[in-house]
Structures are given as C-alpha cells and as structure tokens.
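S.K.: Build out the structure end to end from the sequences listed, making use of the hints.
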Amino acid sequence: MTHLSSILWLLTWPVLIYVGYRLSVYMVKVFERNNSQDQVTD
Amino acid sequence: MIENLDMALVNWSRGQFALVAFYHWLFIPLTLGMTYIIAFAQTIHVRTGNPEWERIAKFWAKLFGINFAIGVGTGIILGLEFGTNWSNYSWISGDIFGAPLAAEGILAFFLESTFVAVMFFGWGKVSKKFHLVSIYLVAFGASLSALWILVANGWMNYPVGMVFNPDNARHEMVDFWAVLFSPYAVNKFLHTITSGFVISSFFIVAVSAWYILKGRNLMLAKRSMVVAATFGLISSIFLATTGDGSAYWVAQKQPAKLAAMEGLYEGEEGAGLVAIGMLRPGKEIGDGQNAFIFKIEIPKLLSVLGYRNADAFVPGAEDLVLGNEAQGIMSAEEKIRRGRLALDALAGYKEAVALDDEAGALASRAVFEENYYYMGYGHLFDPNGIIPNVPFIFYSFRIMVMLGFAFIALFLLLLYLTVTNKLEENRWLLWVGIFSLPLAFLASMAGWIVAEVGRQPWTIQGLLPTMVSTSNINANAVILTFIMFAVLLTILVLAEYKIMLTAIRRGPDNKEKGGDNV
Chain E
1 MTHLSSILWL
11 LTWPVLIYVG
21 YRLSVYMVKV
31 FERNNSQDQV
41 TD
Chain Y
1 MIENLDMALV
11 NWSRGQFALV
21 AFYHWLFIPL
31 TLGMTYIIAF
41 AQTIHVRTGN
51 PEWERIAKFW
61 AKLFGINFAI
71 GVGTGIILGL
81 EFGTNWSNYS
91 WISGDIFGAP
101 LAAEGILAFF
111 LESTFVAVMF
121 FGWGKVSKKF
131 HLVSIYLVAF
141 GASLSALWIL
151 VANGWMNYPV
161 GMVFNPDNAR
171 HEMVDFWAVL
181 FSPYAVNKFL
191 HTITSGFVIS
201 SFFIVAVSAW
211 YILKGRNLML
221 AKRSMVVAAT
231 FGLISSIFLA
241 TTGDGSAYWV
251 AQKQPAKLAA
261 MEGLYEGEEG
271 AGLVAIGMLR
281 PGKEIGDGQN
291 AFIFKIEIPK
301 LLSVLGYRNA
311 DAFVPGAEDL
321 VLGNEAQGIM
331 SAEEKIRRGR
341 LALDALAGYK
351 EAVALDDEAG
361 ALASRAVFEE
371 NYYYMGYGHL
381 FDPNGIIPNV
391 PFIFYSFRIM
401 VMLGFAFIAL
411 FLLLLYLTVT
421 NKLEENRWLL
431 WVGIFSLPLA
441 FLASMAGWIV
451 AEVGRQPWTI
461 QGLLPTMVST
471 SNINANAVIL
481 TFIMFAVLLT
491 ILVLAEYKIM
501 LTAIRRGPDN
511 KEKGGDNV
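Sequence lines, in order, name chains E and Y.
So the first sequence is numbered by the working numbering: it starts at 1 and just counts up by one.
So the second sequence is numbered by the working numbering: it starts at 1 and just counts up by one.
Don't read these hints as lab results, they were simulated from the structure.
One or more of the hints may lead you astray.
[To be verified] Calculated cross-link-like contacts (lysine-lysine; reagent style DSSO-like; alpha-carbon spacing at most 27 Å):
1) E/Lys29 - Y/Lys128
2) Y/Lys58 - Y/Lys498
3) Y/Lys300 - Y/Lys283
4) Y/Lys214 - E/Lys29
5) Y/Lys295 - Y/Lys283
6) Y/Lys62 - Y/Lys498
7) Y/Lys422 - Y/Lys498
8) Y/Lys58 - Y/Lys128
9) Y/Lys253 - Y/Lys283
10) Y/Lys62 - Y/Lys214
11) Y/Lys62 - Y/Lys129
12) E/Lys29 - Y/Lys300
13) Y/Lys422 - E/Lys29
14) Y/Lys129 - E/Lys29
15) Y/Lys58 - Y/Lys129
16) Y/Lys283 - Y/Lys58
17) E/Lys29 - Y/Lys58
18) Y/Lys214 - Y/Lys253
M.R.: Structure representation (structure tokens):
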C-alpha cells in the first residue's frame, strides 16, 4: 500500500464531519440546559 | 525556447483567470461548509422531532440556495478557460489534468446537483430520512468536487504519476493512483475544504450576530451560533494542522515558494520562522542588503516545519538562484542551460524521426532524457525569475496565518459566551462576529495568493512555465473578455448579495416556529 498514509490522511475528512456533528450536539445540549431557566423566545 | 512571447497575453490571461477564480471563491466556501451545518441541524430535527431545528435547517438552506447557482456558473467559466486561454497547457498536460476534471463532473458534480433538487424542494414531499440523506449527499458531493479539482491543482504543484512522451511532446499519465493520492494534493484538499468550513461558519456567525444585535429570531440565532461556532472551532484547529502539512510539502517540493513566504534570501541551518517582520523595499538577490527592516523570529521553527528537523538547512532565494555547492543546490543558470539542452535535443529527436535517422533519434533522445528534469527551465530567460514575488507572498502568508490563529480564539470565545448565555451582554463581540466574515474571506484569498502566485513562474512546477502555457491568441481578445467578465460577474455578485441581504432581513418563516428545547 504505497498510498496508505495519504488514504488515512484523506479519511480525516469524514472523521472531522462526524466529530463536528457530535460536538455540536453536545454543545447544543449544554446551551439548552443553561437556557432552560432563562428562556428566550423569538 | 519559445521566441516572441507576448507578455501582455500572458499577463491578461493570468489576470482573467485570477478574476474569475476570485469571484468563484466568493461562493464555493459557502457551498462546501453550509451544507454540513444544514445537515447537522436537520439531523438534530430528525433525531429529536423538534420542528425548530427543521426551521433552522430550512432558513440556512434558503441562503445556501441563493449562493449555489453563481458558484456553479463561475466554475464552468474557469473550466472553459483552460481551453480558451490556456490551450498550450491543456495540450501538453490534458491527459493528466483532464482526468480529475472529468471525474469531478461524473462522480461528484452529478451527485451534488441531483440531490440539491431534493434538498431544496423535498421538504415535506419525501420522507425525512431520505431528505436528510440527500442533504448529506449534497455536502459530500460538494467536497468530492473540491477533491478532484484540488487533485488537478495538486498535480500542477507536484507533478507525479506521469511521463513525458517525446513523440507527441505531451505529459501522459502512467499511475492514476499516484495522482489521486499525491500527499501534496490530499493535504491541499483538506486545507482548502476546511477553510471553506471556517468561512461558512463565520457566515452563519455573522448573520446570527446581526439577529442578536437586532433582538430578532434570538433562539434561532443562538442555536445556529452554537452549531456554527463548534464546527468553526474544530475546523479552524484542523485548518492549522493541514497548514503545517502544507508548509512541509512546500518545503519539500517548492523551495522557491517557501523562500518567498519567509522572505528568506540567504539559506541557513536551523532557520527561524518570521512571526512579524517588514521587508526592505527594493531588496534584490545578491545585493548584500538585509532583507528586513525589522523582524521577530521564532528560532528554528522554519526548519522544524519544513523538514521536521530543528537543524535542517532551508535554502534561501540566493541559494536557489546562484546555487549552493555545499548544499548540493544547482544554480538557476545551470538549470536553464540544461533545460535548453533538453529542448534542443527534443527538437533534434523529432527531426531525426521525421528523416528516419534512427541513430540520430537515439542520440538526441539520450540527451533529452538526461536533461528532461530541467526542460521547463529551458524556456526561462532570467535566473532571478524562478523566485516569485517575495513581498506579495510574504505579507499574504502572514495575513492568512495570523487571521487563522485569531479565528480559533474567536470561535472559542463565541462558543463559550453563547452556551453560557452571556453573548448578548458582549455586544462588541457580536460586531466582531459580523466583521469576521470579510476577514475570513481575506485570509482565504491570501492563502490562494500564497499558493498560486507562489508557484510562479510555473504552471506545472519545474516543467512548464506560465508564459508558454497560454493559447496562441490576440491579447486584445483576452482584454475584451476580461472586461466583460469583470462587469458581468460584478453585476451578478451585487445582485446575489442584494437577494441574500433581503432574505436575511426577511428572516426565517416564523409560521413554522416550533419548541424551544432540543
């Protein structure tokens, strides 16, 4: 596998998307928890 | 060597490509990144059933849609310019360059453009899961489009997987996988798409910050801010990582670009990285003047970034132009001499083949193959011309890097203050959030200047100079189309911005407003 390191490096792209999603969901939960007592509406 | 070069033609052709690429890059980053953020919001909706997240996804999808069409249009113009303005380049390298462009059309663009219709018009008409999958397919299709384009671009910076066929004077691909998985290209792809993710995140941050300042759509804006700042934060950290990879590959394959990026004229072992500096105007190669009026340097960092060795020698512009025997670096003059030998031998080989002179053909071919590596240099006149514009590259590089690191801190601060519900108390930060959008574009454009102007004088690094890559057409035709594109694209951009600002002012559809919790 001559190109293994490049392929592994390329695969960080979907990993970045997955981590981005999971971290976003976690941060949204923290945000909602902090906002539950002081609810702001549109 | 090509005689009677029309430098006006070369410069206007470069200018025209840069103009259209500039407009193209005003739209493409949003296509690359917003789709993922829309997909995240819609995924939360599908998993939780909260209609507020669908409303968020729909709103950003509407703004994405306004942006999408012009991005496609400008991309088509760029593709056509390879035929109209750069036909010599296309003739010599079409076998290799055409393959990833064709793959982009067949494997990526069709995927993206097919499912974008489902994404725009499928709300409530197809199942939620199919619709969500369609959004992800648009997002991955856009990234795959970028992959193939940047594989082509990466090959121009680091030509691999090919041979030069002297019988037809063209580069021919011999290893597709080497072209696709070129480490230079893969790193360039990751660096470029993550810059798109950062710009997209700032777009959502800027619009959300404006809503919060106006006291409108507060929950939509804050939730969008949380997702965009999170995605922007990890993307900007990843962007710095891929930037490190870029520096490494530039050092390995394009030492003249690295020398320009650092304003490094005299090479040194254990070279430091200039954190801040001001170049001396009028500095020339070999004039003995200090290149800097002042500079603050981080010791040994350039050697570490470029060669993973704190004591490694980093060649400067003078080493590359004048040569450095101790470091085994050949002078540009000698490379030009060998390049001319290669070009003369190629001409001799063709003549011998035409005359059925087998011995002459073999002799010429042997000389050609011995000097082939320097063939591109044979077209150059001035040894100093192998170094790109140092001040332009040096300052562009610093703008990109400084803003890139500032963005990490800004995303972190925005995220912290949003999730702790303190963002509204810090109105100055909301204004910074709005102005971060043009700064993100500025950083990205500066990056493209480093990449593309930094590759000069080459179209294909070391093999084909830009000045012999153009079409054999009248410069006036290029000037006319330059003006035409400048006027038309400016009108299109202004119209697009007006539509975008109207949609932002109008805001999301409040009839569909749902619950406030995830």
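S.K.: So which of those numbered hints doesn't the model satisfy?
M.R.: Numbers 7, 12, 16 and 18 - these are the hints that the structure violates, sorted from lowest upward.
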